[in-house]
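Protein chains: 6
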Amino acid sequence: MAEVVRNIERADKGVIEKLGAAGVATVHEAQGRTGLMSSRMRPIQMDKGIAGSAVTISAPPGDNWMIHVAIEQLQEGDIMVLAPTAPCDMGYFGDLLATSAMARGCRALVIDAGVRDTRDLRAMGFLVWSTAVSAQGTVKETPGSVNVPVVCAGAAVNPGDVIVADDDGVCVVPRESAETALAGAEKRLVAEEEKRRRLAAGELGLDIYSMRGKLEAKGLRYS
Amino acid sequence: MAEVVRNIERADKGVIEKLGAAGVATVHEAQGRTGLMSSRMRPIQMDKGIAGSAVTISAPPGDNWMIHVAIEQLQEGDIMVLAPTAPCDMGYFGDLLATSAMARGCRALVIDAGVRDTRDLRAMGFLVWSTAVSAQGTVKETPGSVNVPVVCAGAAVNPGDVIVADDDGVCVVPRESAETALAGAEKRLVAEEEKRRRLAAGELGLDIYSMRGKLEAKGLRYS
Amino acid sequence: MAEVVRNIERADKGVIEKLGAAGVATVHEAQGRTGLMSSRMRPIQMDKGIAGSAVTISAPPGDNWMIHVAIEQLQEGDIMVLAPTAPCDMGYFGDLLATSAMARGCRALVIDAGVRDTRDLRAMGFLVWSTAVSAQGTVKETPGSVNVPVVCAGAAVNPGDVIVADDDGVCVVPRESAETALAGAEKRLVAEEEKRRRLAAGELGLDIYSMRGKLEAKGLRYS
Amino acid sequence: MAEVVRNIERADKGVIEKLGAAGVATVHEAQGRTGLMSSRMRPIQMDKGIAGSAVTISAPPGDNWMIHVAIEQLQEGDIMVLAPTAPCDMGYFGDLLATSAMARGCRALVIDAGVRDTRDLRAMGFLVWSTAVSAQGTVKETPGSVNVPVVCAGAAVNPGDVIVADDDGVCVVPRESAETALAGAEKRLVAEEEKRRRLAAGELGLDIYSMRGKLEAKGLRYS
Amino acid sequence: MAEVVRNIERADKGVIEKLGAAGVATVHEAQGRTGLMSSRMRPIQMDKGIAGSAVTISAPPGDNWMIHVAIEQLQEGDIMVLAPTAPCDMGYFGDLLATSAMARGCRALVIDAGVRDTRDLRAMGFLVWSTAVSAQGTVKETPGSVNVPVVCAGAAVNPGDVIVADDDGVCVVPRESAETALAGAEKRLVAEEEKRRRLAAGELGLDIYSMRGKLEAKGLRYS
Amino acid sequence: MAEVVRNIERADKGVIEKLGAAGVATVHEAQGRTGLMSSRMRPIQMDKGIAGSAVTISAPPGDNWMIHVAIEQLQEGDIMVLAPTAPCDMGYFGDLLATSAMARGCRALVIDAGVRDTRDLRAMGFLVWSTAVSAQGTVKETPGSVNVPVVCAGAAVNPGDVIVADDDGVCVVPRESAETALAGAEKRLVAEEEKRRRLAAGELGLDIYSMRGKLEAKGLRYS
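Line by line, the protein sequences give chains A, B, C, D, E and F.
Here the first sequence stands for residues 1 to 223, where the numbers follow the working numbering.
Here the second sequence stands for residues 1001 to 1223, where the numbers follow the working numbering.
Here the third sequence stands for residues 2001 to 2223, where the numbers follow the working numbering.
Here the fourth sequence stands for residues 3001 to 3223, where the numbers follow the working numbering.
Here the fifth sequence stands for residues 4001 to 4223, where the numbers follow the working numbering.
Here the sixth sequence stands for residues 5001 to 5223, where the numbers follow the working numbering.
No lab work stands behind these hints: they were computed from the structure.
Being a predicted model, the structure only gives us computed values, none of them experimental.
It is possible that some hints are incorrect.
Below, simulated PhoX-like cross-link-like pairs (lysine-lysine); rule was C-alpha separation at most 25 Å, straight line [said to hold, decoys possible]: (1) E:Lys4013 / E:Lys4048; (2) E:Lys4214 / E:Lys4195; (3) A:Lys140 / C:Lys2195; (4) E:Lys4140 / A:Lys218; (5) A:Lys187 / A:Lys218; (6) C:Lys2187 / A:Lys140; (7) E:Lys4218 / C:Lys2218; (8) E:Lys4140 / D:Lys3195; (9) D:Lys3187 / E:Lys4140; (10) A:Lys140 / F:Lys5140; (11) B:Lys1214 / D:Lys3140; (12) A:Lys214 / D:Lys3218; (13) E:Lys4140 / D:Lys3214; (14) C:Lys2187 / C:Lys2013; (15) F:Lys5214 / F:Lys5195; (16) B:Lys1214 / A:Lys187; (17) F:Lys5214 / C:Lys2140; (18) F:Lys5218 / E:Lys4214; (19) E:Lys4218 / C:Lys2214; (20) E:Lys4214 / A:Lys140; (21) E:Lys4140 / D:Lys3218; (22) F:Lys5218 / E:Lys4187; (23) A:Lys218 / B:Lys1140; (24) F:Lys5013 / F:Lys5187; (25) A:Lys187 / D:Lys3218; (26) D:Lys3140 / A:Lys218; (27) C:Lys2140 / F:Lys5218; (28) B:Lys1048 / C:Lys2048; (29) B:Lys1218 / C:Lys2140.
Label-pair distances were calculated between CB atoms; the ranges are [as the list claims (entries may be wrong)]: (30) C:Asn2007 / A:Met46: 43 to 51 Å; (31) F:Glu5193 / B:Gly1219: 45 to 53 Å; (32) D:Tyr3222 / A:Thr180: 19 to 27 Å; (33) C:Ala2201 / E:Lys4048: 58 to 66 Å.
Where a beta carbon is used, it is the ideal one built from N, C-alpha and C, also for glycine.
Let the sequences and hints guide you as you build the complete structure.
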């Protein structure tokens, strides 16, 4: 039950980067409103976004041993995704582990639990999305797994999936559909640009999207 | 049941502006500690305050259609107040809707639900108080109402009421008592100035407010 | 039951200052992972830390009278620690009380309840850790106690204990073990410096801490 | 600001009784899915339902003085509805107050706060819907109001409105629309009876409601 | 994206029945402490347990249309498992849908959302585990999917997996490992019987499990 | 840091029994409204009460090893009180441990975490107050302490303190003040009996407690 999968496939770097630029809300829409983690998952920094390949960690509650194991599996551009096997708000991760992860090219963590040394992490430029901030220390007693499927903050994540994270939360893009999601996201961004221009000029969504008739048909009345 | 009220009364612009300058804590006190929304209602930006006239939106859970309808009713200085008809943390509002609202002179949203594109909203200077941040998209299937009485985050809001919002939360001032509330707030601000000066100089509240006798009478003992 | 203890012992100023510099996560570890308050306790400001001597306040829910009483007991470097006798998210504390506390050399508040005037408090440089932000006003009807033992956000606090607070939360160091805790913290900081250097250079925790054998013995398998 | 309204109108007793028999889910539907309190509002007993006229209480947090005042205003068949002016889980109500209320013909309480003596209340047959159970005592220091409009657990309640409560929660029926709501509820109950019979016989909702075409048109595919 | 998978494999009926008899805690242990849903998932009835094959439902928030679709796919002994695509506490399910499901041999629902008509459901003997009770009605506007993989209350569920549910919560057993899980559970039940006998006779776990030496080695001291 | 204190003092058996009969609400009042645990602490059974001497357990999150250690220290009439050193909702305790505890005369557990086998526990007559129900298993890796001071669900508990628990929650009576608390409780019960009789006869609290004048003096107005 405790295993480390060493060879995982990752999506194309260029695709990942562009998904990150598109951002969580757009990517989430582009893939049919799937893959979003719970709104309990919040960033510890403001106005930053990123995308990367998921190295997943299934860890016992209050036990961060597997983060050390996971770090050896990291490649440039990876994002660690940690899901505890039972709810836990303890501080699994701090500046030393971030130093080690950054030395291997990883720049972000997504964790359905707590982190600590948050001021240091911000100063280092290591990005974190977590469901708690807590100094509470963890133990190193029980192995878990690395690069197995996990459920993190309500979303299923497979190793190698693309993680997109920004101020709006975290969205998971299945590796095999990353290009499709990107195509959808880019189409959406283009369409939004035109809409933004028209809305900024004072046109109403009611008119741009021809909503008046539908609203009336569904019974909306003005007084 | 789905209706839009087009003509609502608003409070005097000068009164609204001064209520905003007084801030939530002072206004809440000035009107007898009423009208405050739940502390679940939090700003997505820091160190900003505003006041405006409420354009209210009653919307089904997960359905943001009525925001388009509400935008047509907005006037310079209005604040949209959205209350879903069942609890919901989905992202009803993002940068496109903010662009449209700003084109009509609206600069803030108060919503007992989620918003998205929060980094963009901050960059645009559009202010938001919400009970969640979430990229989760909504549908446009069921009409709700605009400018009807709503309950938002525990506070009753009528269309045209004055909304005062800052880092401390959101307070609702009934339109018809806006001037009275302002008078009370200004009186309070003057009184606080004098107290602040005395407290800063080292005088104790115990002495300024003559509390020692009352405390002793109620049984307080020193050891 | 309502009493004020005037003479409390405090830890050495130099020790307190160094505990503050070590920070919450390190101090919490150094004293055997004890004394941490709940992760519900959050700062209203970012990237600030402090340490000081606890002046404790046991107050009825929604009644802030005892803060005035406590302020008279404050000395340079003290931190007020307020625990309501029943759960409460009302705004016990604002800029006037902060002005008074600062006039006596107090620069921080830790409160298992709400605060208000948060923008002003940040501007004044008065630090706050609270479990809520709320403008809701409190009354002055029922005395409580000052400088008695309290339980605040799940941690026991005795008057004169050292409070260490930063972005990771709040940790309580019993006054009598402050020097021991500091010794442990400093030892830990030195050890971490060496580890940080090695991890930054690309060495793995798996090797530095000789974990591979233990993990294999506990059944970890690689595939 | 502290007032008691003595004369309030109530709905027809026969109408109230029938609304209670229809139950919360049916009545909530019959009035267009409005008036439902938050799902935080839970019964302390199982498998009991009731309806009655609201005698509303606006009370300060942690202060139950106004319940004594409200009891004098109770008539046979009334239900007390208490909304604190700030969130509070303290135990406002216990067996002595229930004894007094029952002596005046009141048999239920709806409260957005805590109650105590819950075992006794069940034994007495006094029904309670609350958002907490807590032995925490309250004070009698600050007057509130009786029979003014309140917001209770997210729902607006006016004095004399019909309260319908059962295991599914609490629903508020505005007094002036009680008959309309009842007519809708009864129509609904009749229609449900026929549907229940057909569904129990094995017919599918897909066929009874002719859903197959609509689902296909909206893109549902079978594999 | 909206699809119904008609043919799913199910585990052996005898195996399912025995897993139900073993109960949640034992089965969860027997499969390596995996598959447990969040402790937010609670029964609406007391002292009842069941096991069955999962017919999964992925539904939009506040939209119960797919339950009608799912009912057509039900076979004797199935359990419906509904996961909304965004957090939602609305009442998706009541006595009419239960009548229809029971007509097809389904006797339980597991839902990460709300249910209503709970008193009727208990009277009918239809079992429910939910994360809320709410009368709030839902719409029928947007298709979802039936018998696709879902994440429900933090646990991944595939169609045909065995659902074991009792007062302790809900556990998911992957269909393909049902027999292995049962073997483990039965072995565990036998071992527990012997332990229960010895513990009841007054022997201590410290002795039965030979813990004294290990505790001493890890530093436990008696005073 | 990991220690077991073997000899603790307990309160008088007769006093404990009478405190249990008085119940949580009365005892909490009798000792000045102190000692109450958070309302998150709920019974798994209905309409049962108990009192006993606290055998305290400080345990790591997700580690139930110390319960075995504590059981050896139990005497007839003791109640185990377990406080994890970090928030945790895992299932520390089930029917085997209850069997062992009952063999030593212990009949209840109070735990700021989860329990499992709840149906069995009810059938055995072993009483539990917990903050969660969860089948999630725990480990036996790290020693904690037995019979040291703990903070459980917000209340400080010393070994040997009297625990009073019923449907209203859990209250802690310091051992040394048990007799005083009982005296207060009994006086209160006598006084309540007289009040209950008068209230049942229709007298109003407004008159019995002479509240009318005070209410008028504080500004209450009738209309």
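Evaluation of the provided hints:
| no. | hint | verdict |
| --- | --- | --- |
| 1 | E:Lys4013 / E:Lys4048 | 19 Å, holds |
| 2 | E:Lys4214 / E:Lys4195 | 20 Å, holds |
| 3 | A:Lys140 / C:Lys2195 | 17 Å, holds |
| 4 | E:Lys4140 / A:Lys218 | 14 Å, holds |
| 5 | A:Lys187 / A:Lys218 | 30 Å, violated |
| 6 | C:Lys2187 / A:Lys140 | 21 Å, holds |
| 7 | E:Lys4218 / C:Lys2218 | 17 Å, holds |
| 8 | E:Lys4140 / D:Lys3195 | 17 Å, holds |
| 9 | D:Lys3187 / E:Lys4140 | 21 Å, holds |
| 10 | A:Lys140 / F:Lys5140 | 13 Å, holds |
| 11 | B:Lys1214 / D:Lys3140 | 17 Å, holds |
| 12 | A:Lys214 / D:Lys3218 | 16 Å, holds |
| 13 | E:Lys4140 / D:Lys3214 | 10 Å, holds |
| 14 | C:Lys2187 / C:Lys2013 | 20 Å, holds |
| 15 | F:Lys5214 / F:Lys5195 | 20 Å, holds |
| 16 | B:Lys1214 / A:Lys187 | 70 Å, violated |
| 17 | F:Lys5214 / C:Lys2140 | 17 Å, holds |
| 18 | F:Lys5218 / E:Lys4214 | 66 Å, violated |
| 19 | E:Lys4218 / C:Lys2214 | 16 Å, holds |
| 20 | E:Lys4214 / A:Lys140 | 17 Å, holds |
| 21 | E:Lys4140 / D:Lys3218 | 11 Å, holds |
| 22 | F:Lys5218 / E:Lys4187 | 70 Å, violated |
| 23 | A:Lys218 / B:Lys1140 | 11 Å, holds |
| 24 | F:Lys5013 / F:Lys5187 | 20 Å, holds |
| 25 | A:Lys187 / D:Lys3218 | 22 Å, holds |
| 26 | D:Lys3140 / A:Lys218 | 51 Å, violated |
| 27 | C:Lys2140 / F:Lys5218 | 14 Å, holds |
| 28 | B:Lys1048 / C:Lys2048 | 20 Å, holds |
| 29 | B:Lys1218 / C:Lys2140 | 11 Å, holds |
| 30 | C:Asn2007 / A:Met46: 43 to 51 Å | 45 Å, holds |
| 31 | F:Glu5193 / B:Gly1219: 45 to 53 Å | 27 Å, violated |
| 32 | D:Tyr3222 / A:Thr180: 19 to 27 Å | 23 Å, holds |
| 33 | C:Ala2201 / E:Lys4048: 58 to 66 Å | 59 Å, holds |
Hint check: violations occur at hints 5, 16, 18, 22, 26, 31; the rest are consistent with the structure.
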